[in-house]
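Residue-level listing of the chains:
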Amino acid sequence: MSDTYQRLVDLLAGSFGLDAADITPDSTLGGLELDSLALVELSVASQEEFGVELDDSEVDLGSTIAHAAGVISGKLTAV
Amino acid sequence: MSGATGTARREPFHAAVTGVGLVTAAGVGVARTWETLHAARGTAAVDHPELAGLPVDFACSVPDFDPGALIERKQLWRLDRSSQLVLVAAHEALADSGLDRDAWDATRVGVVLGNGIGGAATWEKQHTVLLERGPRRVSPLLVPMLSPNMCAGYVSMMFGARGPSFVTATACASGTTATGVARELLRSGLCDVVVTGGTEAPLVPSLVTGFSQMGALAARREDLAETSRPFDADRGGFVPAEGAGVLVLERPEHARARGARVRAMVSGYGASADAHHATAPDPDGIGAELALRAALTDAGVGADEVDHVNAHGTATQLNDATEARMIRRVLGEGPAVTSVKGVVGHSLAAAGAIEAVVTALTVESGHIPPTANLESLDPELEVDMVHKAGRRAAVEVAVSNSFGFGGQNAVLVLTRA
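Top to bottom, those sequences are chains A and B.
With the UniProt record's numbering applied, the first sequence corresponds to residues 1 to 79, in that order.
With the UniProt record's numbering applied, the second sequence corresponds to residues 1 to 417, in that order.
Keep in mind that the hints were calculated from the coordinates and are not lab data.
Values in this document were obtained by computation on a predicted structure and should not be read as measured data.
A hint or two may mislead.
Stated by the list, open to error - Derived lysine-lysine pairs resembling DSBU-like cross-links, with alpha carbons at most 30 Å apart:
(1) A:K75 - B:K388
(2) B:K125 - A:K75
(3) B:K125 - B:K74
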């Protein structure tokens with residue numbers, strides 16, 4: 001798994017109280033019990049961690065962690 | 001002074017206190033606070049890093065607070081400290097009550113908590129984020145974390161309680177007001193059980209400095225633990241504190257039907273306004289007297305029947321002088337008076353709730369905790385203070401006073417079960 005994926009898992013474990021062991025590439029954000037407010041908080045945290053925002057047209061509660069990491073990576077590459 | 005008794009006499013109503021929980025600067029759990037009160041050990045300390053460098057950099061903060069054992073980690077980051085404190089206290093109170101959440105009618109379980117300031121730490125932090133990093137970095141949890149009502153909302157959520165849920169705000173009387181109003185919900189028949197009390201987490205730089213600028217706070221002493229000195233001739237203001245207190249109140253027949261242990265009864269409640277000044281008490285204590293007399297009338301007890309007063313006793317010059325004179329005038333020289341604030345400081349909206357818990361335990365045990373740091377009783381204050389050591393006494397009737405900024409006064413009468 002990519003460095004971005006691992007950093008995203010660390011972020012979810014560190015700032016959102018999730019157990020890293022519960023997170024797989026196929027986990028969805030909604031399945032990990034994030035809600036719409038937590039999704040916005042994740043975008044805020046992503047700005048801090050990666051310097052990129054997550055728009056809800058790109059990442060929503062049905063998105064997998066692998067997908068979210070891919071979106072972040074894509075934006076990092078584009079920068 | 002016509003109408004000084006405040007309320008028309010109604011049928012007596014004794015709300016049963018079946019569970020109690022505390023989180024104070026003495027520690028997490030009722031037992032730690034009770035022991036520290038009886039040891040008369042002050043808790044003021046320099047252990048709040050955010051206050052470093054400010055004129056008042058000490059406080060009574062909850063040591064080793066780790067709510068992770070009781071609150072899910074994935075919920076914890078969404079909760080301001082004011083909610084975390086009261087959730088832990090509520091957990092203890094519910095366990096103490098022995099109530100079975102699977103057996104209760106959730107629509108008849110209410111939550112009424114006192115809170116004054118809401119999520120102060122959240123607000124300060126996010127305001128700094130807004131100024132320094134811009135609006136896109138502000139947390140979407142800001143509003144639900146700072147709103148003062150959310151502490152009650154979260155307690156309802158934690159226990160699946162679907163009855164009325166709200167917060168009372170009467171500044172430093174909020175926890176007492178909440179307990180009195182909770183009893184009214186039981187008395188009116190709207191609820192069978194009300195989880196009540198109060199919470200406050202005000203130890204943030206702006207607020208502590210604001211209190212300091214008002215001249216309300218005690219000046220540092222060489223031994224910080226001796227800084228909060230209620231009713232002492234050498235008192236100089238209060239020490240700011242955080243904390244939470246929770247009582248489970250039940251309709252007496254509800255408690256009886258399930259064979260609950262009843263620690264004490266909340267038998268009277270009185271409230272009033274000074275209608276005088278934003279922060280200074282009425283110098284004659286007229287508002288405080290109205291609330292006390294109303295509470296006695298509500299409880300159907302005479303002034304000469306009061307054995308014990310758990311005073312507001314903040315250790316400010318004005319409060320303690322006005323309160324002591326009022327106690328002496330209304331209740332005579334009979335009752336044994338104490339203030340817990342020498343030990344746990346002044347936790348604002350939580351204070352009355354913490355003191356209601358302590359008063360319930362005092363009534364139950366007949367063991368009055370001493371007022372810490374009261375070495376030389378102000379000679380102008382002619383009341384029977386319990387100090388230096390606790391006192392054993394049959395406490396049939398006790399009063400708990402709370403007086404808030406805004407001149408908002410609330411008094412409870414507790415009696416033996």
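Cross-check of the supplied hints:
{"no.": "1", "hint": "A:K75 - B:K388", "verdict": "violated (67 Å)"}
{"no.": "2", "hint": "B:K125 - A:K75", "verdict": "holds (29 Å)"}
{"no.": "3", "hint": "B:K125 - B:K74", "verdict": "holds (20 Å)"}
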